[in-house]
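Heads up: the sequence shown runs through residues -22 to -1, 1 to 265, numbered per mature numbering (1 follows the signal peptide of the UniProt record, and there is no 0).
These aren't lab readings, by the way, just hints derived from the structure by calculation.
Any given hint could turn out to be false.
As the list claims (entries may be wrong) - With a cut-off of at most 30 Å between alpha-carbon atoms, the simulated DSSO-like pairs for lysine-lysine come out as follows:
(1) K7 <-> K257
(2) K245 <-> K257
(3) K7 <-> K87
(4) K257 <-> K246
(5) K192 <-> K87
(6) K246 <-> K7
(7) K178 <-> K192
For clarity, every value in this text was computed on a predicted model and none was experimentally measured.
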Amino acid sequence: MKLALFPSLGCALLLLSGCASGADDGVHKPSSIEFVPNAAVLEEATETVQEPLDEYGPSARERQRLERASDLLAEDCVRAAGHEVSFPNVLDYPPSTLWSLKYFGVWTKARALQGGLGMAPSALAEARQHNEAATSDETEHAILQCVGVNSRSEEIASLSYRTPEESIHERGRKATWSWASDDPIWAQAQSEFGACLSGKGYALDEQRAVTSPKIADAADSEAGIRAALDQVECLSSTGAAQTFVDVVAAYQVAFIAENEAALVEDKKETDKRVAFAEKVISEHGGH
């Protein structure tokens, strides 16, 4: 069985593990917040959320540029070791919604129809899987040497996803989600949402997202699609989706007020990394 060694996928796995933690990593929870309805913007077309901390971190497009530059340098490294490799170009695909914090699983009708309660099909993921399946064990080993945390070059490391321990922006995103999910306003929205699902005959699935209805069938089955559509309807009709992101936004505003100077410096570092990524991409043909 082949291992998932491609650098962009590794970043994704790291992100998910970081967001799943409830630890605040040394930042301080504000004693109070000012809850403002509709402070965050849910973008249904792109399945993303616009939040106050976005101003201090890389955009989805910039994250793509960082990934592409990292892939290009990794390709150079693997070829220098005597192997041929070409990673799928992330710039040929829509920006990943992975970088937009997920508070409540499936929340758009389009996504529900595509994958039910499971993962929607991804052309980029399919391209990576096809690429990996065609890669020899020797080339995989070379890839691991080039992108491994303990063996990669400083240039590749500089383009990698920064963990909450390395970036106060990422630390803020992680901590404010944790704080918000323990807030009474969130709990009330969660209760109303749960009552809506209960009225449709569902119990909540504690093994999945906190808002996922429990079903006996596969997540992407017809039953999974029906359950996902019911989930989307309940998130909308109760206002829970908007409330969840607004609570997070309130904690982010408080976090920014306490840490703005550090966030500004963090953004300068991000801008340097993005500029380097642009340089790498330009030197490799501009795409």
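Of all the hints given earlier, name the ones this structure violates by number, lowest first. 1, 3
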